[in-house]
Each structure stands twice: as structure tokens, then as C-alpha cells.
Amino acid sequence: MSLIDLANPTRFLALSARVLPWLAAATAILLAVGLYLSAVAPDDYQQGATVKIMFIHVPNAWLSMFVWGVMSMASLGTLVWRHPLADVAAKAAAPIGAAFTFLALFTGSLWGRPMWGTYWEWDARLTSVLILFLMYLGLMALWRAVEDPSRAARAAAVLTLVGALNLPIIKFSVDWWNTLHQPASVMRMGGSTLDKSFLIPLLVMAVAFTLLFVTLHLAAMRNEILRRRVRSLQMMQASRVAFSSDMGTGSRQENASTGAA
Amino acid sequence: MSLGPYAPFIVTSYVAAAIVVVLLIGWIVLDYRNQTERLRELERSGITRRSGRSATGTP
Numbered sequence: 001m002s003l004i005d006l007a008n009p010t011r012f013l014a015l016s017a018r019v020l021p022w023l024a025a026a027t028a029i030l031l032a033v034g035l036y037l038s039a040v041a042p043d044d045y046q047q048g049a050t051v052k053i054m055f056i057h058v059p060n061a062w063l064s065m066f067v068w069g070v071m072s073m074a075s076l077g078t079l080v081w082r083h084p085l086a087d088v089a090a091k092a093a094a095p096i097g098a099a100f101t102f103l104a105l106f107t108g109s110l111w112g113r114p115m116w117g118t119y120w121e122w123d124a125r126l127t128s129v130l131i132l133f134l135m136y137l138g139l140m141a142l143w144r145a146v147e148d149p150s151r152a153a154r155a156a157a158v159l160t161l162v163g164a165l166n167l168p169i170i171k172f173s174v175d176w177w178n179t180l181h182q183p184a185s186v187m188r189m190g191g192s193t194l195d196k197s198f199l200i201p202l203l204v205m206a207v208a209f210t211l212l213f214v215t216l217h218l219a220a221m222r223n224e225i226l227r228r229r230v231r232s233l234q235m236m237q238a239s240r241v242a243f244s245s246d247m248g249t250g251s252r253q254e255n256a257s258t259g260a261a
Numbered sequence: 262m263s264l265g266p267y268a269p270f271i272v273t274s275y276v277a278a279a280i281v282v283v284l285l286i287g288w289i290v291l292d293y294r295n296q297t298e299r300l301r302e303l304e305r306s307g308i309t310r311r312s313g314r315s316a317t318g319t320p
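Protein sequence lines correspond, in order, to chains A and B.
Mapping the first sequence onto the working numbering, position 177 (from 1) lands on 177, and the numbers just tick up by one.
Mapping the second sequence onto the working numbering, position 38 (from 1) lands on 299, and the numbers just tick up by one.
Take the hints with a grain of salt, since some may be wrong.
As the list claims (entries may be wrong) - Label pairs and their calculated CB-CB ranges: (1) B:Pro269 with A:Ser197: 41 to 49 Å; (2) B:Gly287 with A:Ser150: 24 to 32 Å; (3) B:Glu302 with A:Tyr119: 44 to 52 Å; (4) A:Gly191 with B:Glu304: 55 to 63 Å; (5) A:Val40 with B:Pro266: 18 to 26 Å.
Said to hold, decoys possible - Computed, partial: chain B to chain A, Cβ under 7 Å: (6) Val283; (7) Leu291; (8) Tyr293; (9) Arg294; (10) Gln296.
Simulated from the structure, these hints should not be mistaken for laboratory data.
Predicted model only: the values in this text are computed from it and were never measured.
Beta carbons are placed, not taken as given, at the ideal position from N, Cα and C, and that holds for glycine.
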């Protein structure tokens with residue numbers, strides 16, 4: 001099966017129905033393993049047990065940017081190739097990305113209070129992630145505000161691609177500005193600075209949350225395809241009703257004119 | 262496993278993550294049920310796709 005074949009929503013529905021149970025099972029197993037490894041991970045010599053918050057915070061922070069990246073690719077698909085599933089993919093990903101971004105902000109805030117002495121600081125990393133969260137909400141509002149999905153898709157695609165400029169700002173904010181947030185310790189030139197006892201649970205949780213995203217995204221895409229089918233069938237129903245009422249009016253007028261003659 | 266003096270912060274983080282994930286799963290499952298039910302209602306009332314296939318598209 002080629003990629004072109006997958007562009008057919010009916011084929012996508014059939015394929016995703018087969019794949020989803022396996023993905024859900026793999027996600028559940030990896031999440032269970034990740035949670036166990038997080039629970040038995042040792043305390044950090046500086047952070048103490050709060051290092052356990054990192055096993056939730058970091059995967060969500062990565063995914064907050066990854067999901068916007070997926071939406072940006074899908075937006076290119078909408079604007080350049082008009083791929084039938086591109087807009088569906090972008091729209092379905094937005095609420096999931098917003099949820100991950102919220103969790104990154106919330107868990108980061110809970111980690112910051114004992115470690116930094118404050119829940120929030122208007123530094124470059126925290127502020128740029130907050131802007132990302134607000135952009136997710138703005139996109140979701142835009143999709144709801146415009147009734148025609150194809151018109152909403154183009155506006156949302158442009159906004160998504162403009163918003164993608166925020167991704168390098170988030171990533172490099174800790175290098176470009178003097179921030180309270182620590183610099184990268186996993187994805188950096190020269191390799192990770194984390195000890196294996198922290199790195200392994202972190203990576204397992206990151207893969208588990210990524211699988212969770214893929215699973216939820218496929219399921220949400222299925223829902224969006226079905227929602228569009230409902231909409232098109234409702235429009236067919238409305239046009240049938242309008243046509244039959246027109247016919248009724250027409251035949252009544254014809255009868256009236258025949259009677260008058 | 263001792264979480265020390267910062268246990269409330271750690272537990273709240275994990276509970277918040279669990280709640281958000283459960284809400285996401287619940288929203289997606291309910292949305293699926295809602296859409297398939299609406300499609301079935303439309304098909305029962307005689308509105309079908311031009312291809313004649315079931316709108317839910319599942320094999």
C-alpha cells in the first residue's frame with residue numbers, strides 16, 4: 001500500500017482500526033514500565049525526589065513542540081498538496097498538543113516552586129512555551145469559529161506555519177537569553193549529561209508519551225473524518241428537504257394556476 | 262519509596278498528568294460514539310453516501 005492509497009479516508013479508517021489496538025497496548029505497556037522505572041529511580045543529589053517530576057515534565061515539553069511540528073507538516077500538506085487527510089491531521093492534533101503543553105507548564109511550575117522558590121518566572125523559555133499554549137488555544141478557536149472546514153483549514157494552516165517560528169525560539173531560548181530555566185541536558189552537542197539512572201526512565205517515558213500521542217492522534221483523526229461525513233450527509237439531507245419543499249410549492253402553484261384557468 | 266518533603270508537588274504532578282490523559286481518552290471515545298451514532302441515525306433515515314458504502318467506513 002502506497003502513501004497515496006492512505007490519502008483515501010476510507011482506507012485510512014480501515015487501516016487505523018487495525019493498528020489502534022496494537023498501538024494502545026504498546027502505549028499502556030511502555031507507560032507502565034516508564035512509571036515503574038520513574039518510581040525506583042534514585043533521588044538527585046541536588047533536586048532530591050523532585051527529579052521524578054522531570055520524567056513527566058520533559059516528555060510533555062518535548063511533545064508540546066513535536067505536536068506543533070506535526071501540525072506544521074500537515075499544514076504544508078494542506079496548502080501545497082491539498083492532501084485530503086492533512087487538514088484532518090492538523091485539526092485532530094491541536095487539542096492533544098494543547099493538553100501536553102498544559103502539562104509541561106503545570107508540572108514545570110510544580111517543580112519550580114521547591115527548586116527555584118517560585119511557581120512562575122517570566123523568563124524566555126517559560127514565556128515562549130506559554131505563547132505556544134495560547135497559540136494552540138487560538139487555533140482550536142479558529143477551527144470552531146469558521147463553519148466551512150476547507151476555509152478554516154487554509155487559515156489555520158497559515159497560522160500554524162507562522163506559529164512554527166516559535167519552535168526554534170523555545171528550543172534555543174535557554175542559549176540565547178540568560179534564563180532561570182536550565183540549558184538542554186539530553187538533546188545537546190556532545191551527548192547527554194544525564195546519568196543512566198535518570199536517562200533511561202526519561203527516555204522510556206518519552207517514547208511512551210510519544211506512542212500515546214500517536215494513538216490518540218489516529219483516534220482523533222478517525223473522529224474528525226466521521227464528523228465531516230456527518231456534516232456532508234446533513235447537508236445532503238437539508239438539500240433534499242429544500243428540494244422536496246420547492247417541488248411541493250411548485251406543484252401547488254401549478255395546481256393553483258390550473259384551477260384559475 | 263520516600264518522596265521526602267516535596268511529596269505534594271510530585272504527587273500532584275503525576276495525578277494531574279493522569280487526569281489530563283484520562284480526560285483526553287474519554288473525550289476521544291465519547292466523540293467517536295457520538296459521531297458513529299449520528300451517522301447511523303442519518304443512514305437509518307435514508308441519507309447515504311454517493312458511493313453507497315457505510316459512512317463509518319469500518320470493514
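Here's how the hints hold up against the structure:
no. : hint                               : verdict
1   : B:Pro269 with A:Ser197: 41 to 49 Å : violated (24 Å)
2   : B:Gly287 with A:Ser150: 24 to 32 Å : holds (29 Å)
3   : B:Glu302 with A:Tyr119: 44 to 52 Å : holds (48 Å)
4   : A:Gly191 with B:Glu304: 55 to 63 Å : holds (57 Å)
5   : A:Val40 with B:Pro266: 18 to 26 Å  : holds (20 Å)
6   : Val283                             : violated (11 Å)
7   : Leu291                             : violated (10 Å)
8   : Tyr293                             : holds (5 Å)
9   : Arg294                             : violated (10 Å)
10  : Gln296                             : holds (4 Å)
The structure is inconsistent with the numbered hints 1, 6, 7 and 9, although it conforms to all the rest.
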